[in-house]
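Visitor: Spelled out from the first residue to the last, the chains are:
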Amino acid sequence: MRREVPLLITGIVGIVFVVSYFIPHYPFSEMEHWFSDWFAIVAACAIVLGALNLMVVSGQKIARRKEGWGYAIVIIATFLLMTIFGLAGGTGFRETGTGFDWLYKYTFIPLSATMYAILAFFVASASYRAFRARNAEATLLLAAAFLMMLGRVPVGDVITCFMPEGARMSDLAIWIMNFPQTAGQRAIMIGIALGLVSTSLRIILGVERSYLGGE
Amino acid sequence: MKTRMVEILVVILIAVLAVVAYLGKIWGWHEGFVFSTSVSLAVVILIFASLIWILVRTLMDKLVGRRIVFLYVGIAITLPLFMSIEQEIVISDEVQAIYDELEQLQPGSKVLVSLDYDPASAPELQPMAEAFFGECFKRDLKLIIMGLWPMGPQQANQAIDTIMARMGLDSTDVIYGEDYVNLGFQAGNEFVIQRMGSSFEAMFGTDYRGTPYQDLPLVRNVNNFSNIDFSYNISAGFPGTVEWVQIAVDRFGLRLAAGNTAVQAPTVYPYLRAGQLVGLMGGMSGGAEFEKLTHLEGKATTYMLSQSFSHIIVIGFIIIGNVAFFRSGRKSGLKE
Chain A
1 MRREVPLLIT GIVGIVFVVS YFIPHYPFSE MEHWFSDWFA IVAACAIVLG ALNLMVVSGQ
61 KIARRKEGWG YAIVIIATFL LMTIFGLAGG TGFRETGTGF DWLYKYTFIP LSATMYAILA
121 FFVASASYRA FRARNAEATL LLAAAFLMML GRVPVGDVIT CFMPEGARMS DLAIWIMNFP
181 QTAGQRAIMI GIALGLVSTS LRIILGVERS YLGGE
Chain B
1 MKTRMVEILV VILIAVLAVV AYLGKIWGWH EGFVFSTSVS LAVVILIFAS LIWILVRTLM
61 DKLVGRRIVF LYVGIAITLP LFMSIEQEIV ISDEVQAIYD ELEQLQPGSK VLVSLDYDPA
121 SAPELQPMAE AFFGECFKRD LKLIIMGLWP MGPQQANQAI DTIMARMGLD STDVIYGEDY
181 VNLGFQAGNE FVIQRMGSSF EAMFGTDYRG TPYQDLPLVR NVNNFSNIDF SYNISAGFPG
241 TVEWVQIAVD RFGLRLAAGN TAVQAPTVYP YLRAGQLVGL MGGMSGGAEF EKLTHLEGKA
301 TTYMLSQSFS HIIVIGFIII GNVAFFRSGR KSGLKE
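In order, the protein sequence lines correspond to chains A and B.
Position one of the first sequence corresponds to residue 1 (this note's numbering), numbered consecutively onward.
Position one of the second sequence corresponds to residue 1 (this note's numbering), numbered consecutively onward.
Mixed in with the good hints there might be a few duds.
Calculated lysine to any residue pairs in the SDA-like style (CA-CA distance at most 25 Å, straight line) [said to hold, decoys possible]: (1) A/Lys105 - B/Ala262; (2) B/Lys62 - A/Val123; (3) B/Lys299 - A/Thr114; (4) A/Lys105 - B/Ala21; (5) A/Lys66 - B/Thr3; (6) B/Lys62 - A/Ser127.
Just so you have them, the derived chain A footprint on chain B, three or more residues with Cβ under 8 Å [to be verified]: (7) 63 to 73; (8) 183 to 190; (9) 201 to 214; (10) 269 to 277; (11) 312 to 325.
Simulated from the structure, these hints should not be mistaken for lab results.
Ideal Cβ positions, reconstructed from N, Cα and C, are used throughout, including at glycine.
The task is simple: from the sequences and hints, build the whole structure.
Guide: Structure, rendered in structure tokens:
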């Protein structure tokens, strides 16, 4: 039963969603609404479960003095801090000027942006060390990258200001984005879509069961 | 000095700089600290001269390490913030299309905005949100804001506070519940979009403040996408623009434009070329173009010089790396 019930739920929900796309009328439309509402409920519960799981895992890490347990203390402390400020603020806890908003604005935003900004340094370093014109394909990629990097910023047109309108760096970048890039993206998208259809059918029909876990 | 000691010193230095920057922001120190154009040009020339010097050293088989690359990228990003060099921002067709669409909407039209990103992508996407909200307020378009990412609605609040302050508006000029509402975050990814196709209220029973949906004058008569005149999605990944196109546009016929991070923008170009997206703001440059169109110049315009400068520095180091590669007989990479 532990495997059959989830398989049955997956099959019914999958078939209802496929059918309701083509026949958006009663009873399939009602069933689709019902399943969508349930998905939102399950997803909301999953967020709570995820937060609790993070606390349990971090707590175990501290109790067993595992490597990096100091960071687990920071996780629990900051989680509790944000939760306390959030609960203390009532329904308007996210309003401008509340303690939660201050923490969000002056700690969470800068820290998140910093983590993302570090990518710039790593991308630059990785490009310096590994972006090589080793063969014809790599050289083509390198040339396209140069054109895009210059064409997407104003300095690209400053460098090519002597060129006629329509042949400047920004025009070349737009051409690359609109034609070769879009053609490549379409090919990838069609491939992914075909793979998705086949995998979805296998899941709906119960052939693919690895998502259930276990053996 | 031991590596651990150096790391601790760097962390202390960064913490001190962060406190100084915070105090500087509060007390407005940064406003008076700008290089003149000639000093700015001199700084740029000096940096490029040093880059050429690195190239010459590379030709002499003296390679630079990654820390030097980090230093240059840091300089390329931070110094332009204090420079006064004007740049001409060229408007692309995809950004112009969004502006044209807003221009065609009648005052009072309802615009649905979904902010599907978090603070990590905010430096790139927040200027788009600010300029878009500002233009909607100018044209008296009614904003219905939501988020498929938990932080999205909070980012919307920040953007509205910022743009209202910049435009000199207060809560009597733009009234919550009548001119805009923030419906908040709803878990469920693309299923939320699908359910909104039949009922907004089923997914958003209250707004983010807890006000019941039927008590909000702006959305009281909004049942589904057929009551929305235009929509705009700002996205940094999943769920985002792709899901909005596949469900809201293809299935329910919503008119949609998007603002994406520069990394994500190429993936939605097929939708743009197929007419499923009305327009697209790609990365910070897309935001700067929209700011120029709306005359609401903000952070995207300010940061474009940093972006120009950092792109040139990265290209410079790629060229230097390739020179080293060819000098070594196309064999070695740079190990450090």
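Visitor: Confirm or reject each hint.
Guide: Going through the hints against the structure:
Simply put, A/Lys105 and B/Ala262 have alpha-carbon atoms about 24 Å apart, close enough for the 25 Å limit, and the pair holds. Annotation: proposed proximity of B/Lys62 to A/Val123 holds, straight-line Cα distance about 22 Å (limit 25 Å). Annotation: proposed proximity of B/Lys299 to A/Thr114 holds, straight-line Cα distance about 17 Å (limit 25 Å). Between A/Lys105 and B/Ala21 the alpha-carbon distance is near 14 Å, which keeps this suggested pair within the 25 Å criterion.
Between A/Lys66 and B/Thr3, the direct Cα distance comes to roughly 23 Å. Compliance with the 25 Å bound is thereby established for this hinted pair. Our distance criterion of 25 Å between C-alpha atoms is met by B/Lys62 and A/Ser127, whose separation comes to about 18 Å. Closer than 8 Å: that is the beta-carbon criterion, and the region 63 to 73 of chain B has 5 residues meeting it against chain A, so the requirement of 3 holds. Closer than 8 Å: that is the beta-carbon criterion, and the region 183 to 190 of chain B has 4 residues meeting it against chain A, so the requirement of 3 holds.
For the region 201 to 214 of chain B, the proposed coverage by chain A is satisfied: 5 residues have a C-beta within less than 8 Å of a C-beta in that chain, meeting the threshold of three. A stretch counts as covered by a chain when three or more of its residues have a beta carbon under 8 Å from one of that chain; for the region 269 to 277 of chain B and chain A the count is 3, and the coverage holds. Counting residues of the region 312 to 325 of chain B whose CB lies closer than 8 Å to any CB of chain A gives 10, which reaches the minimum of 3, so the coverage claim holds.
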